[in-house]
Amino acid sequence: MENTGKNIITKETVEYVARLSRLSLDESETDRFRGQLEGILDYIEQLKEVDTEGTLPTTHVLPSMKNVFREDKLTPSLSNDDALANAPSKKDGFFKVPRVIKD
Amino acid sequence: MKDILSSIDDCRSWLAEGGMSVKDAAGEFLARISEIDKDIKAFAFEEPDMVKARAGQIDGSPDNRRLRGVPVGIKNNICISGALTTCGSHILDGFRPPYNAHVVDLLLGEQALLFEGMNMDEFAFGSSCETSYYGPTRNPWDTARIPGGSSGGSVAAVAAGELAASLGSDTGGSIRQPASMCGVVGFKPTYGRVSRYGLMAFASSLDQIGPITRNVADCAEMLEVISGYDKRDSTSVNVEVPVYTDSLDSDIKGLRVGIPSEYFIEGIEGDVKKRVEVSIEALKGLGAETVEISLPHTKYAVSCYYIIGPAEASSNLSRYDGVHYGHRSEKAEDLRDMYIQSRNEGFGAEAKRRILLGTYALSSGYYDAYYLKAQKVRTKIADDFREAFKKCDCILTPTSPTTAFKIGERSEDPLQMYLSDIFTIPANLAGLPAVSVPCGLDGKGLPVGLQFMAAPFDEETLIKVAHAFERETGFSKEKPAVLK
Amino acid sequence: MSSKYETVIGLEVHVQLDTETKVFCGCRNAFGAEPNTQVCPVCLGQPGVLPVLNKKAFEFAIKVAFALNCQVQKIIKFDRKNYYYPDLPKNYQISQYDMPIAYNGKLNVSDEAGKVREIGVTRAHLEEDAGKLIHDLSAPFSYVDLNRTGTPLLEIVSEPEIQSPEEAYHYLVTLKQIVKYLGVSDCNMEEGSLRCDANISLREEGAKELGVKVEIKNLNSFKAVRDSLLHEEERQEDLLDEGGTIKQETRLWNDSKNVTVSMRTKEGAQDYRYFPDPDLVPFEVEQETIREMKADIPELPEAKRKRFTKEYALDESDIEVLIAEKDTADFYEQVAAKAGDAKAACNWIKGEVMMHMNDRGTDIKGLGLDPENLARIIKMAVKGTISGLSAKEVLKANLETGEDPVKIVKEKSLEQVSDEGTLDEAVTKVIEGNERSVNDFKSGKENALSFLVGQVMKETRGKANPKLAGEMLRKKIAETR
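Protein chains in written order, with the numbering used here: chain U, 1 to 103; chain Z, 104 to 587; chain R, 588 to 1068.
Check before you lean on any hint, since a few could be wrong.
Claimed, not checked - Simulated restraints on C-beta separations:
{"id": "1", "chain 1": "Z", "residue 1": "E436", "chain 2": "U", "residue 2": "E12", "range": "22 to 28 Å"}
{"id": "2", "chain 1": "Z", "residue 1": "E149", "chain 2": "U", "residue 2": "R32", "range": "30 to 36 Å"}
{"id": "3", "chain 1": "Z", "residue 1": "D437", "chain 2": "U", "residue 2": "E12", "range": "23 to 29 Å"}
{"id": "4", "chain 1": "Z", "residue 1": "Y332", "chain 2": "R", "residue 2": "A890", "range": "41 to 47 Å"}
To be clear, the hints were calculated from the coordinates, so they are not data collected in a lab.
Built from N, CA and C at the ideal position, the CB exists for glycine as well.
Throw the hints in and build the complete structure from the sequences for me.
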């Protein structure tokens, strides 16, 4: 596949995107992902060739899909035990998490 | 090893002749799996006690439903209440969902004997089953090779005769591509045909659950069981499900089979091309007509997919943060740190790569250029198919440009890996039903798959043509050495 | 504000919709349950689950949109707003970005003097509420309760057209009244079923450009909204006067200290990465639904105010009291019609009935008073069958027992005594026993007569017709002169 080499992904961009994704990468990971993302984005660059003037985006592939509702009727909830069964940490019926430090 | 599971019917006969309880049969199956799977590793893990308990439940029921006691594997991204379901990822360590996926309810309703833990690429991100936290699954035809992915475990287990059938999920080819590489039948239904409720989402607008079987008749039967409207899935379509098994043994004389020139490109292996050409002749021999068609936007499908898939995935996977379930890092002191550490420790490289790519594509300033653009190109791709189906009843292509490659061969080159789904991705983007059926072996003795695609909700045509092809060519009867 | 600055305020109001179940799953939507007991895999955001929209929540949202004179959109879609917080189990909120339920509404807001101004409503969109986070003050932990997660939430955004903190207050009062009239939310700020964030900026009088805006959060009452805006107005004014610049930021209101405090900003601007939620399909509001919804909207306060003025000839302030709550207004109309005396009905509801409501800490429904019964009591009082005092007693008894007021009057023999022969004894006794007051009256102190009438009332246990008793006292005292 031709590599147009048009995309420049900076280290800062990778770090920004990692921060948004709640991931932290070390130097070598940042560098590796940076290069790989650049390669993928260069490939994806070909989308620009397609004339999409006036084309509607597809969110749902089947256009007939619309107005799907449920009635306002109760269905059973889980017990507190079941709700917390998979929790890594819990206390008094709550999920327990480390304190939120505002940053 | 005796091939007692060469078809669901064979399995039924074996169960009936043995006259044993489902629990005893479960014991036999488990023993068989232990023996075969030590080289294949189709299972990420096994939970024999849970399987036996399920068998006991079936024994305790007076009913005699159509899949009673038939061993069916469930890809490890489909929820079975109480069963370990981890999506091949460390981040879901210990997760046992408190509910059943809709398809699981349907299979249990037919008394299938379910096996959890079928190995998969982490979060279905991959085409080789190498990105699993539990290690790679091996191709039963050559254990130095990948089985394909991401439903590699589900496929390998069926190909190696460990299970009669299995469920996989298909977002860009994850059922069809491994089915092709392991010489079995893999079916991706129309988007909306099978409920996604209980399928751990990768890309919500592309994901579909489908069956993997040894032959087309079994595929029709499984599809019949798992299809249908589910009010818990807003994208599940409320239309009647045909009796797919009625489409078996149909005549395909006059059926118009579209051959898109764009699918016979550079990069396709010579043997694969040859097998497909031979297959076209076989179909002609059955009275089918071939029609030249054009799907001009095919070359953009992979790009489109590698925007939409990761974008949706980046959002779907943000819930894995160590707060409510799954892996939580022990190292963190505050919440933010806990998120980051847990996700860093929990996700493998491919998952991280896709999360980063998807987050980038959705981030402020890039949305229009990437996500929105991809959604528009997606419309073009779907339009191509709409046009094509005016001229033909189904479309024939190779399933994958190559046969199974060696483990490790492509793991450092994500783009090359992504390109192995080039022929399967369009059906997901357009929401079409598609099936891969075996069409012989290449020079190395590895299976080649033939793909058929049809218009939305026309699964019947696929069953018809695939079954006719299978009867004529007998390629589904080929089996790996382990079963000989 | 008497300065060279104009104040520009915009409000973002979140209203929890009072449906039986949550917006995307069938768990109960109710305040106050034990933690994590109104949850299911869907609202817990477990892997594999999918949302399905609650039809009632959608209809409620559309009703509010109509009541706010909004244009309801033809195609409505839902989007994901991505951000991380432990009370948001999916780490994205299902909300609406560019195709919300409605746009372009307006609200007529009147101040205390009755002056009406139109405030634009930018948009209204439906989204899911988050859960609750409780911070441990003694240990480095927080606790998550997801009962509230998935409660249907309607966000109503005003145009930045509000000109003063006072007007912001009235905007909220008006909005709350309308929402309550629609019966789609109880708008209880203490329980969080109505929440508000405010944006405020200042600009030089006559300037076209908006000033730098500050967002204020942590507002727990309408009063807090007003007070915080007053504080912020002053703070910004001082800062500008000193030649300083306003920083675009979020500030938290500290209710006890009466100040806003800067919330330390997070890493740069938020990047929510909105995109259409592929798990939900688009919604097209059908004409049929629009008709149904519109037919279902009751007479709203503004129209009611006009009609009451015309139909009942009441004072403006009385009307405000009566229409503050739709149920009270409905109750009033029934009582007024049955009693045949609009003014008396108003006075009774404003006075005795609301007193009982306050005493019991309840509203008109909770009081359980039958309008028919109140009308009977009023009629008896107006006709003079019972005294005003007795009427109050009958109401009290009726509230306790629910018994027919006419029967209560009979049982307690509360009928007013308007017969001179029967009253004669009591009047004589009072004159004999209150020599000083009698003398006072004789010496021209008119007040003394009221006291003596009161004594007759006491003697007759409230049954005496006070007018008659007064006349008899005058006559008898004159005779003894």
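To see whether the hints hold, each was checked on the structure:
Checked against the hint of 22 to 28 Å, the C-beta distance between E436(Z) and E12(U) comes to roughly 26 Å, which is consistent with it. Between E149(Z) and R32(U) the beta carbons are some 35 Å apart, a value that agrees with the proposed interval 30 to 36 Å. Range check, D437(Z) to E12(U): about 24 Å between beta-carbon atoms, so the 23 to 29 Å window is met. Taking the beta carbon of each, Y332(Z) and A890(R) are about 45 Å apart, inside 41 to 47 Å as hinted.
In summary, the structure agrees with every hint in the numbered list given earlier.
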